[in-house]
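Undergrad: Given only the sequences and the hints, what does the whole structure look like? Please build it.
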Amino acid sequence: VDVFLCGDCDPRASLPVFERAFAPERIEHRLIERG
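Counting in our numbering, the sequence shown tops out at residue 35, every number present.
No lab work stands behind these hints: they were computed from the structure.
One or more hints might be untrue.
Unchecked claim - Computed beta-carbon distance windows for the label pairs: (1) Arg26 - Cys6: 18 to 24 angstroms; (2) Arg30 - Asp8: 27 to 33 angstroms; (3) Leu5 - Ile27: 14 to 20 angstroms; (4) Arg30 - Gly7: 16 to 22 angstroms; (5) His29 - Cys6: 15 to 21 angstroms; (6) Ile27 - Phe4: 26 to 32 angstroms; (7) Gly35 - Ser14: 16 to 22 angstroms; (8) Asp2 - Ala23: 16 to 22 angstroms; (9) Ala13 - Gly35: 14 to 20 angstroms; (10) Asp8 - His29: 15 to 21 angstroms; (11) Leu5 - Glu28: 16 to 22 angstroms; (12) Arg30 - Cys6: 25 to 31 angstroms.
Computed from a predicted model, the values in this text were never measured in an experiment.
Where a beta carbon is used, it is the ideal one built from N, C-alpha and C, also for glycine.
TA: Here it is in structure tokens:
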């Protein structure tokens, strides 16, 4: 899942939502700052 946000939003805040929705066995995430 890719999360694209603008401004001062923190995409890491969405991680618990995806964890509850998909109940994955493992989680890997990367934060790529752009702009």
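Undergrad: Does each hint fit the structure? Answer for all of them.
TA: Do the hints match the structure? See the list:
no.	hint	in the structure
1	Arg26 - Cys6: 18 to 24 angstroms	violated (29 angstroms)
2	Arg30 - Asp8: 27 to 33 angstroms	violated (19 angstroms)
3	Leu5 - Ile27: 14 to 20 angstroms	holds (18 angstroms)
4	Arg30 - Gly7: 16 to 22 angstroms	holds (20 angstroms)
5	His29 - Cys6: 15 to 21 angstroms	holds (19 angstroms)
6	Ile27 - Phe4: 26 to 32 angstroms	violated (18 angstroms)
7	Gly35 - Ser14: 16 to 22 angstroms	holds (19 angstroms)
8	Asp2 - Ala23: 16 to 22 angstroms	holds (19 angstroms)
9	Ala13 - Gly35: 14 to 20 angstroms	holds (19 angstroms)
10	Asp8 - His29: 15 to 21 angstroms	holds (19 angstroms)
11	Leu5 - Glu28: 16 to 22 angstroms	holds (19 angstroms)
12	Arg30 - Cys6: 25 to 31 angstroms	violated (18 angstroms)
The structure fails to meet hints 1, 2, 6, 12 from the earlier list, while all remaining hints are met.
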